[in-house]
Structures are given as C-alpha cells and as structure tokens.
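Chain by chain, the residues:
Protein chains: 2
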Amino acid sequence: MSLVIVGSLAFDTIETPETRKEKIIGGSCAYSALAASYFTDPKIVAVVGSDFPSDVIDLFQSRGVDTRGLTIEKGKTFHWEGRYGHDPNQRTTIKTELNVFQDFKPELLPDYRRADIVFLGNIDPDIQEDIRLQLVCPKLVAMDTINLWINIKRDALLKVLKDVDMFFANDEEVKMLAGENNLITAGRKLLELGPSHMIIKKGEHGALLLREDFIFGTLAFPCENVVDPTGAGDSFGGGFLGYLDKVQSFEKKHLRRAAVYGSVMASFTIEKFGIEGLKALTLEQIEQRYSEFNKLVSF
Amino acid sequence: MSLVIVGSLAFDTIETPETRKEKIIGGSCAYSALAASYFTDPKIVAVVGSDFPSDVIDLFQSRGVDTRGLTIEKGKTFHWEGRYGHDPNQRTTIKTELNVFQDFKPELLPDYRRADIVFLGNIDPDIQEDIRLQLVCPKLVAMDTINLWINIKRDALLKVLKDVDMFFANDEEVKMLAGENNLITAGRKLLELGPSHMIIKKGEHGALLLREDFIFGTLAFPCENVVDPTGAGDSFGGGFLGYLDKVQSFEKKHLRRAAVYGSVMASFTIEKFGIEGLKALTLEQIEQRYSEFNKLVSF
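Chains A and B, in that order, give the protein sequences.
Quick note on numbering: the working numbering labels position 47 of the first sequence as 47, and the sequence is numbered without any gaps.
Quick note on numbering: the working numbering labels position 220 of the second sequence as 220, and the sequence is numbered without any gaps.
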C-alpha cells in the first residue's frame, strides 16, 4: 500500500526544567514520517524555508521517506517555542512563527492523490479539507488536531471530521469537542460525527481505540527517562498508520497491534530531544519493546 | 488463608452534578470488605456509632464478612460529605465529622492477629502502626493512605511504610510522597522506603503494579455510566487482596490477576451510588467483566 503524511516541518525551541534546546528539528510531519519509516516508505507533504538544513532532508530520504511532496520556499521555516513544566503533560506555547507555513496550500502529486492511507497531521482544518478533496478513493483517511482549531475553527474542523475514517485526538480535545466529561461517551459522540475510528491519546496513560463494535486500550510504555515529550502523539500516529500500511489490513487484530506499535514509537521519541530518538532505531529494538508491552499488560 | 481489613465505616453524603445522596453507607472498610467478599470471607476491624443500621451489618454477614472485629460505640458514626465536579476525578471534601471514629484504637482478636493478609485501609498512620504491631507473622501487610496523612503525618506514615509489604496509593500521592514527577521513578523511590510492592491507582486510567523485578499495568474498565466514584480505590484494594487470599499465592501471575480483579470490582462500584454496586453481584458477572478486560488489552 502507500501512506501519505501531511504536516508541519519546523524548528522547535524547547525548554524543559533541565535544559533548553534552540531550533532543533521538529514538526508533526517529521515525527510521524520518521516513526512510520520503520514500517513503510511514507510520502510526505510539507513546506520548509530555505534555512531548513538539507541534511535533514537527506536523513528522511535515507530512511525511505519520499520527499517529492516537500516544498522548499524562499523565507524562513516555521518556528515553534514551547516550555514544559515539571509535569511533562503541562506544555506552554511561548512563540509561534508560521513563516513559510502561513501560505501552505499543497497540491498533491498524482501518485500522492491515489495513496491508500493519508494522515492529515495537525494543521489548519481548512487545509486538511483542501487536501482531502484532492484524494482519489483512499482506503483510510486519518486526521489529527489540537485544541487551537477546536477553539478558533470548530466548524471547519467538524467539516473535515465528517469525511475522515480515523480521528486522532488527545483526551482533553475529545472531551472539549464532544462537550462531554466521560471520555468513553465523548469518544462515542465523536464517532457519530463521521469517523469510524477514534484514537484517543492519553499521554503517559496510553491510548484508547474506539470503534462502534469494539474498544481497545494500550498503556504508555513506563518510561523513567522522559527527556522531551514533544512529538509523542505524532510519533504514535506515524507508527500506527505505518504499521497498517505495512500489513495492508484494517482488521481488528491489526488495529490493536497498530496502537501498540504507535505507543512503542512514541516511547522512543520522548527518551531523547526532538527527533533524535527516531533517527537510528533497529527493527530489533522496536520488536523488543513491542514484546515488553505484551509482558506489561498480559494476565 | 485469611484476610483482615481495617478501615472506616461511615455515613457519606455525596453530591454529584446530577444528584445528592444524604448519609448513605460508605467508608473504606465497607467497600473493601464487600469487594473482597466475592473471593474470600474477610474479617473487618472498624467502629460505628449506635446510629449505624443493623441491616448493613446483616448484609456484611450475609456476604460472609466476619464482623466480630466491629465495635459499636455509643455516639454517632463517622460522617463524610463530599462533592464531585463534572470531572469525577475532582473531589472536594465539604465536611468530616469523625464522631466515634475519633477514638478508634482497635485491639485485634487473637485469630485476627494471626491473619495471613492484613489490609490497613486509609486511616491515621499512627493507628495503622499500632495495628501492625499487633500482628503475628503475617504473610502480607498492605496499606492505603490519602494525601491528608502525607501532609500532616508524614513521619508516622513513613514509619508504617517501612514495615509493610504493599502500598496502595494514587498517582498524585505517590508523586507527592516521593517528591518526584515521573510516576515510575516516584514508585520506585517508594519501593526503597519499605514496601516490596507498589500499587499505583490512577482512577479512570487504571493501575500500575510495581515491584523491583517487574511492572504490570491494567486499564480501568471503560465505564460510560460513572454514577459515584466514591470507594473505587477501596474496592480495588479489597478485590485485589481478596483474590490473593483466595488463591493463597503471591506469584507474579496471581498479582497480575489480582490487579485485574481489583479493577473489575472498582468498575462495579462506580456504576451505582455508595456500596449499591457491590451488594449483589454474581460470580458470573465478575468473571464476565474479567474476560472483557482481557479483550480490552490483548493484542
């Protein structure tokens, strides 16, 4: 099959209680594509400025990522600055400089339009919708979002949601969008708005996969060494969809495993700053952690 | 084997966004003992006032609970009043009237002292210590606590902790007591303070069982119908220890199953007000939910 990932490539300035990292590589597309690259050869759709280092594009390509959908514009790459408190779930955005990302209106290449699986990463829902309309008979369209869009572009978001198959969102976003405090009830409400699959990301508490006929839960890997939580959700989505693209199946058993592989990839991401944790994993490391998840929950 | 449960019996006045219930039966001992009673015949140690309804004591006895350790004092039963917000994890204590519970200094009956498993439910750590010293060669002593004791009786709490085998606490309490934000690291720190087993309760996110040589995680049952979260943790502990008492084993596989049975019992508790959900379950209902947990996490 084939997987297209649409999202941001960025410079991230990240402050944790221990360290500050200036302008390291980030963005949802970077995390998702690298995580997916251990399962399939994802095609990416993104935009960067002329200041974006070419060795990062080389890295993507060396990991099998198809970068023909990456546009390099004159100007500066998107820059995000955020700060984490002692509780890594508490993140404050300090600065957002959209730069070339401001006019991101991608036109998909012909083979991208015919992708089997498309991941509309967290971007403006109007752009997500625009891309969705370019697709030709996709087997599965997944989308992600953040609370910003729920707050300022709710209608546009609901419009995309109506026509996608899978919605990745965190627990707060699910409750907020559904207007419902019980997470399961909230997830079920969103299933009525379009997507046949809800993937509820719960950070350190794992994730839930909700479908009308079944529910599956995975824990997060018990990491003691959380260096930088940035990109955990994007890595989860990339691992999830990358695995599905590899097995060419949306059967329940594969959806379950996809959720675990997603959690595995997220766990590698947060152990290092930025995309460092996803640069040079071996399949053995991934399989070993997958089997540790099995030990973690089997009874 | 034999299981002794020490804790409170109370009248609880509970307010949720939907309903208010005046002076219904509650207290950690009520929840733990009823939950355990589906696995074994627990002996309880508690105190009530002369206003405590005798039909509740009859209920305990009809469920096989040994009530010889229950003292009925002249005066009023402990009364707790609490309010839940729309987020059931947010609980505010409105009123605490200790009444006869104020002078609770139980002297254990001879056969109680020789119990195999003892659960020191959430009470003043000085009383927990006093009871612990009365025990004769227990196989497993477990304790629970709340943030109140961490705040006002930290030293006494640490003293009991040093000599128990299993510590039940919620995630906030674990982080607070360990002075550490990473939950796994915090749990491991507490393992160094005495107990060989940490059971970290995470409410709607499930529970973690931490031992030096292994870690196990269970999800909470995905309840859409959370009527009253009171007693979930106590029911978890009662189900956990009741199961261990039944199987007479502390092997890893039984500890894992104990955690799942604990989650099963907690899930029945929160579906109704007070102890209603624990009054008349069948073993079939319990086993069925246990197998649903298996479906929930297997991949």
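Treat the hints as calculated values from the structure; they're not laboratory data.
Be aware that a few hints might be false.
If several chains are the same, the list does not tell them apart, and a pair holds so long as it fits within one copy or across any two.
As the list claims (entries may be wrong) - When the alpha-carbon atoms are kept at most 20 Å apart in a straight line, the in silico SDA-like pairs for lysine to any residue are as follows:
1. Lys189 with Pro222
2. Lys189 with Asp124
3. Lys295 with Asp213
4. Lys202 with Asn182
5. Lys295 with His197
6. Lys272 with Ser2
7. Lys279 with Arg188
8. Lys252 with Asp126
The hints, checked one at a time:
In this assembly of identical chains, the alpha carbons of Lys189 and Pro222 lie at most 20 Å apart only when taken from different copies (15 Å versus 30 Å within one copy). For the identical chains of this complex, Lys189 and Asp124 are neighbours neither inside a copy (22 Å) nor across copies (43 Å), given an alpha-carbon limit of 20 Å. Proximity of Lys295 to Asp213 under the C-alpha cut-off of 20 Å is restricted to the inter-copy arrangement: shortest distance 12 Å between copies versus 26 Å within a copy. Both within a single protomer and between protomers do Lys202 and Asn182 lie at most 20 Å apart by alpha-carbon distance, with minima of 14 Å and 15 Å respectively.
Taking identical chains as interchangeable, the C-alpha atoms of Lys295 and His197 lie at most 20 Å apart only when they sit on different chains, with a minimum of 18 Å there against 26 Å within one chain. In this assembly of identical chains, the alpha carbons of Lys272 and Ser2 never lie at most 20 Å apart, being 29 Å within a copy and 48 Å across copies at closest. Taking CA atoms no more than 20 Å apart as the test, Lys279 paired with Arg188 passes in neither setting, with 36 Å inside one copy and 30 Å between copies. In this assembly of identical chains, Lys252 and Asp126 lie within 20 Å of each other by CA distance neither inside one copy nor across copies; the values are 31 Å within and 52 Å between.
The earlier numbered hints that this structure contradicts are 2, 6, 7, 8.
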